[in-house]
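> Chains as they are written, first to last, in my numbering: chain A, 217 to 615; chain B, 217 to 615; chain C, 217 to 615; chain D, 217 to 615.
No lab work stands behind these hints, which were simulated from the structure alone. Wrong hints could be hidden among the right ones.
Intra- or inter-copy, both count: the list cannot distinguish identical chains.
[Claimed, not checked] No more than 30 Å apart at the CA atoms, straight line, and that leaves these computed lysine-lysine pairs for DSSO-like: (1) K587 <-> K553; (2) K553 <-> K275; (3) K307 <-> K408; (4) K597 <-> K408; (5) K275 <-> K307; (6) K597 <-> K307.
Protein chains: 4
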Amino acid sequence: MQSYRIAMLGTGLIGDFYTMTLHGQRGRDTVRIVYSRSEERGRAFGERWGIPESTTDIKTAIEHPDGDVVVIGLPNFLHEEAIAAAAAAGKPVLCTKPLGRNAEEARRMLETVERAGVFAGYLEDLCYTPKSLKAVRAVQGGAIGEVTWVRSRETHPGPHSAWFWDGRLTGGGAIVDLGCHCIEIIRNFVGKGNRPVEVMCHTDTLVHPIADEDNAIALIRFESGAIGQFEVSWTFRGGMDLRDEVAGTHGTIWMNHFLRTGFEMFTAGGGGGYVAEKAETEAGWLFPVGDEVSELGYVDMFTDMFRALDEGRAPQETFYDGYVVNAIMDAAYRSAKSRAWEPVELFEWRGGSTPRITAQPELLDGQVVIKREILPDGRQKLILKDPATGDFVDRVIAG
Amino acid sequence: MQSYRIAMLGTGLIGDFYTMTLHGQRGRDTVRIVYSRSEERGRAFGERWGIPESTTDIKTAIEHPDGDVVVIGLPNFLHEEAIAAAAAAGKPVLCTKPLGRNAEEARRMLETVERAGVFAGYLEDLCYTPKSLKAVRAVQGGAIGEVTWVRSRETHPGPHSAWFWDGRLTGGGAIVDLGCHCIEIIRNFVGKGNRPVEVMCHTDTLVHPIADEDNAIALIRFESGAIGQFEVSWTFRGGMDLRDEVAGTHGTIWMNHFLRTGFEMFTAGGGGGYVAEKAETEAGWLFPVGDEVSELGYVDMFTDMFRALDEGRAPQETFYDGYVVNAIMDAAYRSAKSRAWEPVELFEWRGGSTPRITAQPELLDGQVVIKREILPDGRQKLILKDPATGDFVDRVIAG
Amino acid sequence: MQSYRIAMLGTGLIGDFYTMTLHGQRGRDTVRIVYSRSEERGRAFGERWGIPESTTDIKTAIEHPDGDVVVIGLPNFLHEEAIAAAAAAGKPVLCTKPLGRNAEEARRMLETVERAGVFAGYLEDLCYTPKSLKAVRAVQGGAIGEVTWVRSRETHPGPHSAWFWDGRLTGGGAIVDLGCHCIEIIRNFVGKGNRPVEVMCHTDTLVHPIADEDNAIALIRFESGAIGQFEVSWTFRGGMDLRDEVAGTHGTIWMNHFLRTGFEMFTAGGGGGYVAEKAETEAGWLFPVGDEVSELGYVDMFTDMFRALDEGRAPQETFYDGYVVNAIMDAAYRSAKSRAWEPVELFEWRGGSTPRITAQPELLDGQVVIKREILPDGRQKLILKDPATGDFVDRVIAG
Amino acid sequence: MQSYRIAMLGTGLIGDFYTMTLHGQRGRDTVRIVYSRSEERGRAFGERWGIPESTTDIKTAIEHPDGDVVVIGLPNFLHEEAIAAAAAAGKPVLCTKPLGRNAEEARRMLETVERAGVFAGYLEDLCYTPKSLKAVRAVQGGAIGEVTWVRSRETHPGPHSAWFWDGRLTGGGAIVDLGCHCIEIIRNFVGKGNRPVEVMCHTDTLVHPIADEDNAIALIRFESGAIGQFEVSWTFRGGMDLRDEVAGTHGTIWMNHFLRTGFEMFTAGGGGGYVAEKAETEAGWLFPVGDEVSELGYVDMFTDMFRALDEGRAPQETFYDGYVVNAIMDAAYRSAKSRAWEPVELFEWRGGSTPRITAQPELLDGQVVIKREILPDGRQKLILKDPATGDFVDRVIAG
């Protein structure tokens, strides 16, 4: 297992989270140089994390001879340029979410790295939360049968930095900020080979005086018939609500990544310090998480990225995934305008074909069994349908 | 406060729940006569609940000289006839949900009781759960600001009786069975005077070999801009999932009515007896509710109905409400077919007009304040928007 | 089923809760006259609840010709006198918890009502919460095997009325106020026929400048070997913590009656109104309960009391139970002083004898089976003990 | 930051957890050689984890020239010998919990490493769970005021390996296995400088046919007046219950480390695979944890140990802590026999002196303020005590 030296581009909240992860615990990888548009922020960041060098020249960072890997933690509108420079330098590049401001931009980035033949990873942390990884494995192992529905929700009172609020720089509002997480979580559960067919989306700007949506709900229909549902908002009150629910033909999964993780604190005030990302209060009942960078997936994400580099394989989350996410978001924005289901337009589908969710009707004496229930006395109650007449009857049989 | 003697029509699960409620605790009201289509079931029901008389003639029950109130717990396709008979007899009538199989049928029932001038109550129990009643009061008191979004979810593995599965008798599938609850819960939170404008709905039949939907998700847009979202399913695994979430501009409400109410039991098996409606297992971790008829709203529902009768006022849930619910469900079914937003068609709107959710932009030195955050050092971080250029900037000021 | 007219003695918080219950929902029983030591409070109480008459003469209330039942909601030091007067009047009497300030006083009250032959009920609401009633039935049905341990916890920031804080009037501090609940909950789970043998208790006065304990933890050993553990405090921060946990040889029960019942609200402040008994905050995350008088057991408690009266049977909670509770509290106070296990002294034991919790050792080839585990491959791993040498070994066998 | 090569002694469950942690994520430290008493288990372990060498000779492992650190994951009765050998080899040594079978043994180990001057860490993982670390920091920052009570609970259906059940090899039963965790968790919350004064303990053997306790409850009184309460059991049903509760004068902390961490799964059976340590079922509702080695503290534990080595400082958990834990367990065993409070006997106290929990009485007009409550109308209700008479009164004042 190799150790990697990182060129970190960007010194915002996400740069902090990334570096905290890389430099945390017994990590073998270190940030070698940090790039910031502001000399002051770059220097402060470097001091905060013990990074040998900081620069305001992005090429200096990317092409640094001691840098093995470029990590992009910049605002959305700067991704394409940074990726192009990393590809030109022949360096592996890991880019934060969303990949592009729209699918066209994302496609260009995808083509850039593929043309250059550099390793490219899509830093979608929330697909790597330990709960999600374990849940996806359980789903793949058949624990809940076939997935019929996934709800992914990310809502909070709004982002911390000014650029997030400017749709010209980001590509949109809450969808581009938060929906990208939800979409890729959903894809991991319904299966990445399960083609997203179309999207229905409703958006609104309810609270903030901005041009872009601060609320959105969307349905994504996949080839198998499974539905992905995302709910994103910059108007949620009470902290950061980060929950996923998965329904299958034989089971159910509920995950809460933030506000209810088994850690509850009441304080009359004072002394609590930093509780959690986007906490709204400092007194009363608070709900911290344990190790944020672990529970939000950063630890497992970088592990997968660097192991993939070591092993010469693709990481779990690739630029193609980032591109698909952008394509789904584009469809969502089109749908919000047209107020109709809009197809997900992909220049190329790299997944396979996924069969329709199966419902194998069971027969009993020529009748279709709709349901079986165990009665308190041990007998079974059946609900049967006559295939000829379409009539339904109850029948009780020995258990 | 008067005592009422009830003519109970129907001996299914809902008849049991209604009678358990009426005869429970220190109730002053009693079932005087029960009607069943089957003599055997009628007699068994009567014995089970200590009811003096049972009959297979619906008129005998409705017109019984000792009966003060008619309660309809019959399958959907029998509501209209029963209501007509009760109205003809001049008796107050309480009808289970949904009122009709569609809005047209519901409208006829509404007109029947209004023409006859009889008291009519819509037995929508889930709008009366103690949690919902308290939450609605809190919302009305301003605790969460203006309501922006309500999610109401009712899912379980499918109904217990054969007729539920036959759309010809019910009017549809999971929407007509469960969505009616969700819609009226949503209306209570967004305000009953808040006109439902249009609906977008997706349905599918994923698991059961039936003609109607066993899964549905819908968005309802209200005049204020608030969105109601319902999720209903007959394919959920793990019991009965009954949850409501309400978002407002200044707060949040989460309610779990069934699977997570602070009552958790692990049993290696045996001896547990009846745990809860639609529980799927008898061993392992189980999640009973305390007093089902109280927690599901039956107790407060009948209290409101009879008090309304006493006081000569309308109950909280009226036939007009039932009609509106049917009209919304009709729009949902139309939308599922057209795959487009469909208007909610009402022959008459009895609510008023509800203003758009307000977002009062705050100004500072001519800039629009997008967000305020308290920094750890006590200073405030503002995100500001320049109304002229549309640019966003961060600014830190003294706390 | 008869209707009862109540003489309510006392107008404090508990009088409100009792009357809210009696006059709530479709109750058939009504408060006919209320007694208060203060004319003003009596009149206000009467107006609040629509009670025809109020008085400052306790005899007038008790002996009122229209009063069927006397309900005592007075401070502890006034119970004995009120019970004596009710017994003298030959009236059924229901007395709030704790019965006496100590066992000797409780024993005199028990003997008073038994000598007079009047019906007497011990108003221990928390043994009647719907969750507890269902859980006790599950335990009695064998769902968790034999009960080994019960933890009952009631803690909050301290009582609302001055007299509670004066040990001379109450008999003690947090134990007498809250421990009485816990003890009787424990007895319901371990079985009321299961003799409490001895008590070990630790008390302290940690926060409030009072002479009595504001914190206590105690262990009660029952004849079967089961342990009851109570934790009571007047120093808890965050509201009212009301939880019970029951462990059995084949299962586990966890109940949360107050702060986590599936009702969660975040409010930025304002408009919430009354949230719950002993809530500490009005903003931030709040945890209301639905119908307090139902969830805290008042509804089922009065139902049992009046049904018992109707049926000429003893209620679930009797004065003898109240006496046993006092005797256990006396032992707890003695233990806190002696710092040793103290016997529970009962002038008479009306339960039977309860056998020791059984542990039937299973044998395999002359070895004692300590544990069986299913391995991932379906085989079984056994841990065996050689009865001769006392040595333990692992053995894996086919599943 | 250095990389360490480990000599791992022991190949049981704890050896797997340790190695999974060390070899997990981007860890820089690796196991170089593993010692097992069984050649077969040693070889299998080595293959499982990609360890270059395995041996059945403990000295070979300890003295291996490439080994930087010795990690002891052996049964309790083998700790002393292994520590002596590591000390003789002058190697840093990390030893699993409990340190000794009793305080005398633990003291000898402590003296051995101190005499040899080798670095020694006590591998008490549950003091390092991310939740605990954050909670302890919050407590140290004053978030809950002064700690008054800590409850630590660890219960499950019993250990997986035969030797755990043999008190001759372990030093006892559930206390020695599980209580050691709870005690050190408690010490971290009340403050390690807060001297444990005495212990009251109740033990019983309720379910398993063994000589040692399978259930225990104990109270530990600290110098400040704080009480630590531990509950340990090998008879719990439902998985592994791992919870801590902390009460302070100004706040409350509740932590659930295992069965309720925001990850809930229902499965009709099949396909779930490994869910969690000590899960009891494979169908129905299951409650996995995300990343067990992170959530159970192993990751942060080794990070602290190796950083301490790097920095030449003592780790958070030292052999002296292990010794204190053993001394408290000894007192617990003595108390269970004597049925009285037993002093904690320490050959040397290395903490300081901790003042009694303070209760600063507030005065108002010469009266002691017992409690303040805000009334719904904004006024304040005070409960006051007259210091002369000891009488209590209510007084309402402007807010």
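> For every hint, state whether the structure bears it out.
Status of each hint after checking the structure:
In this assembly of identical chains, the alpha carbons of K587 and K553 lie at most 30 Å apart only when taken from different copies (27 Å versus 42 Å within one copy). When the C-alpha separation of K553 and K275 is checked against a cutoff of 30 Å, the pair qualifies neither within a copy, at 40 Å, nor between copies, at 55 Å. For the identical chains of this complex, K307 and K408 are intra-copy neighbours only, at 27 Å inside a copy versus 50 Å across copies, given an alpha-carbon limit of 30 Å. Taking the closest pair of Cα atoms, K597 and K408 never come within 30 Å of each other, the shortest separation being 39 Å inside a single copy and 39 Å across copies.
Taking the shortest Cα distances, K275 and K307 sit within 30 Å of each other inside one copy (12 Å), while across copies they are farther apart (47 Å). For the identical chains of this complex, K597 and K307 are neighbours neither inside a copy (65 Å) nor across copies (37 Å), given an alpha-carbon limit of 30 Å.
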